[in-house]
Amino acid sequence: MGTYESKANVGHTVESLDVLQKVPTGIKGFDEITVGGLPRGRTTLVCGSAGSGKTLFALEFLVRGAIDHGEPGVFVAFEETAVELTQSVASLGFDLDDLVARKMLAIDYVHVERSEILETGDYDLNGLFVRLEYAISSVGAKRVVIDSLETLFSALGNEGILRSEFRRLFRWLKDRGVTAIITGERGDGTLTRHGIEEYVSDCVILLEQRVHERVATRYLRVVKYRGTMHGTNEYPFLIHAGGISVVPVTSLGLTHPASDERMSTGVPRLDAMLGGKGIYRGSSVLISGTPGTGKSSLAAHVANSACRRGERCLYFAFEESQGQFVRNMRSIGLDLKPWLDQGRLQFHASRPTLFGLEMHLANMHRLIEAFDPSVVVVDPVTNFAMVATNHEVRAMLMRLVDFLKSRGITAVFTSLTAGGGALEETDVGISSLMDTWLLVQFLEGSGERNRGLYVLKSRGMMHSNQVREFHMGAHGIDLLDVYVGPAGVLTGTARQAQEAKERAEAITRQQEMDRKQRDLARKRAQLEAQILALRAEFEAEEQEVLANLDQDKRRELNLSRDREQMARLRQADPSRQQNGGSAG
Amino acid sequence: MGGSDHDDGRDGQTPPAAAGDMDDFWAQALVDEPQETYVLRLYVVGNSPRSRWAIRNVRKLCDQHLAGRFDLEVHDLNQEPWLAREAQIVAAPTLVREQPLPVQRIIGSLSDIERVLVGLGVPPNPTGDP
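Each protein sequence line maps, in turn, to chains A and B. So this note's numbering is basically just the index in the first sequence, starting at one, shifted up by 108. So this note's numbering is basically just the index in the second sequence, starting at one, shifted up by 1266.
Hints listed in this document are in silico derivations from the structure and should not be mistaken for laboratory results. Positions of the beta carbon are idealized from the N, C-alpha and C atoms, including for glycine. Mixed in with the good hints there might be a few duds.
Said to hold, decoys possible - To give an idea of the interface, some chain B residues facing chain A are shown, with a C-beta separation under 7 Å as derived from the structure:
| no. | residue |
| --- | --- |
| 1 | 1357 |
| 2 | 1378 |
| 3 | 1385 |
Excised from the complex, chain A in its bound form (with noise of 0.2 Å):
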C-alpha cells in the first residue's frame, strides 16, 4: 500500500524515529495543543454527548488530510446516509462529493436496524471487516473514522461477541497502519456509553458543551495522549463557516516578532506624550475611563490617521451602530465616511449577548482574516462582562492579543471603567496584556468636570508622566497642558482663568522690564551728554592755556634775545656768560 513510504515525510514534527510520530488534522488550532496532531498509525477516541460535534471533528480531519496533506480517508457513518452527510457539511464549505469523485474520501453508510435482523448462534463482524478494507484500499487511504461504532450495541445483541470483535477491529486498524477515529456517545460518568475508551488506549479526546449565562460554548479536551505531552487544559471550540476551530489559550506563545516602527495616534499632543512619535506598531493600546471620557473618540482618531495613511483598519463596535458612530464622529471634527466608502474602515456593530464570547472571538479572527487591517479597535472590551465572567474575558482577550501581535496588527481596547473607586484596579486584569495604557478620567473642580489624559504605561519608550487636559471642540481632539501650582491641578475655565491672570501678571512684568531698560537709556543719553559738555568745557581750556604758554615762550625767547643784546654791548664771554646763565 506505500503506507510506510510516506510516513517519514509527513511527521514534521517529530524529532526522531523513536518519538511517536503525529499526523496534523488540519484542525485550527488543535495541532497545537496536541503537538502536532493525532498519532500516526493508532486509533483515537472522539467522545462527547449529543450535538457536541463529534461527527463534524471526525470528519473535518479527513476533509483536511484529503485537501492539504493528500492522504485519502474512508468514512464509515453508522447514524447517517452519505447524502445526509453531504448536505449537513456543505454549509461548511465541504464538498465531499467532489472528494469522492476525486478517490480522496470514501463514505460508506452502514445500515443497522435491530427489527430487521435476528440472531442465529455464532457470528462474527467480519462483514464489516471487508467492507472496511475495500473501502480502504479503493481510496488508498490512509484516514479512518468510524462514527459511532457504539451503534452497533443496540442493533447487535450479543455484547460478548461485539466486545471481542471490537479489540480485535482496533488491533486490525493499528497492523493497517492508518490513523483512525472512532467516535462514542458519553456515558453516565464513563466516558462512552459502552465503555469501549477501554479499548483505546492511545489518544482520547473529548467534546463537551457547556451553558453558561445562557450562552452555550463547547469545550474540547484531551484526556489521554500516550507517548507525548500535550496541552490539558479545557480549550473552547467553535463550529463555523470554515469547520472547527480550537482557540488555544497560550498555545500561541510570546513569539510574535517585535516592530521598531512608531505610528501616530492621530493626536499630535498625545505622540508628543509618547516619546514624540506615537505608538509602536503591533502593539497594544488599552483606552480606559469612566463613561464619557472620549475613549471612543480618541480610538476614532487612531482609526482615522490609519485611514489616512492608506491603511486598513477594522472597528468592532459593541455600544454604537454604524451610523450613530459616524454622525456622532462627524461632531467633533472626524469624517469616517469616506474611509467607509473606500473600504479603508470596516465597521462591525453587535450587542455582546449576540453569541457566545469565543463566538465572538471566532467572528474577530475570522474577519480580521479576510480584511487584513493593520489597525482594530474593540470598543469597549467590558462589555463581554455581560456574557461571561471576567476570567473568560481575560483569556479571551489575551488570545486575541496573541492573534493580532502574531500578525502586526495594532490594536486598540477601549474599557469602561466604573465611576469612582480605584481606576487602576479596575483595568489590572487585562492592562497586562497591554502595551501602552491610557487613562481619560474627570478631573473635578470648581463646579465643571474636565477631562485628564494620563499615560499610565507605555512599554519601550520614554512617556511623559504629565497630566493633559482632554478637550474635544470641533476640530477634533486637543491635548492642553493642565496648570499645576501652589492652587493644585487647575483645569477648565478655573485653568484658562488661571492663564489669563498669568498672562496680566506676565504683560505688567514686561512692561516693568520695557521701562527700566528705557530708563538705562535714557541715563546713558544723559551720562554721555555730560560727558559731551565736560569734554568741550576742557577743550576750550586747554587751548586758552595753549595760547598763554606760547605767549610766554615768546617772551621768554625776547627776553634772552634782549639779554645777549646787552651782553654783546658790555663784550662779555658769550659762551661762558650763556652757561653762567642758565645754571644761575
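Using the hints provided, position chain B relative to the given structure of chain A.
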C-alpha cells in the same frame, strides 16, 4: 367483454354465482400464498467452519421446507467484497431474505433451524414434507 356479456345473459339469474366467485378468489389467494418464491442470499467470509456450517444449514432448510420455491445464492465476500456494501452486511454469516418483502437478515451460523424458519416467515410444516 362481449363474451362475458353473452354469458351473463345466457345464465339469467346469477347473484349466487357471483358470490361463489368471491369465495373462489380468496381460496385461490390462500392456496397461492405459500407458493411464493423465496429469494435468499447467504453471505459468508472465507472458507471457515462457521461459513461451511451456515451453507450446509441453509441448504438443508431450503430442501426440506422450501422445496421448489426458493432461489438461493451463496457469496463469499472475500471474493466479491463490494457486495458487502450493497447488501449492507456487517456480521458474517448473514442470510438475507430479499423476497418476500420486507427484507429480513438472519445472522449467525443458522444452527437453530426452527428459529431461522420463524425469521424467514416459513410455516414449520409445509405441504410435501411428511
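Quick rundown of the hints versus the structure:
{"no.": "1", "hint": "1357", "in the structure": "holds, 4 Å"}
{"no.": "2", "hint": "1378", "in the structure": "holds, 5 Å"}
{"no.": "3", "hint": "1385", "in the structure": "holds, 4 Å"}
When the structure is compared with the earlier hints, no violation turns up for any of them.
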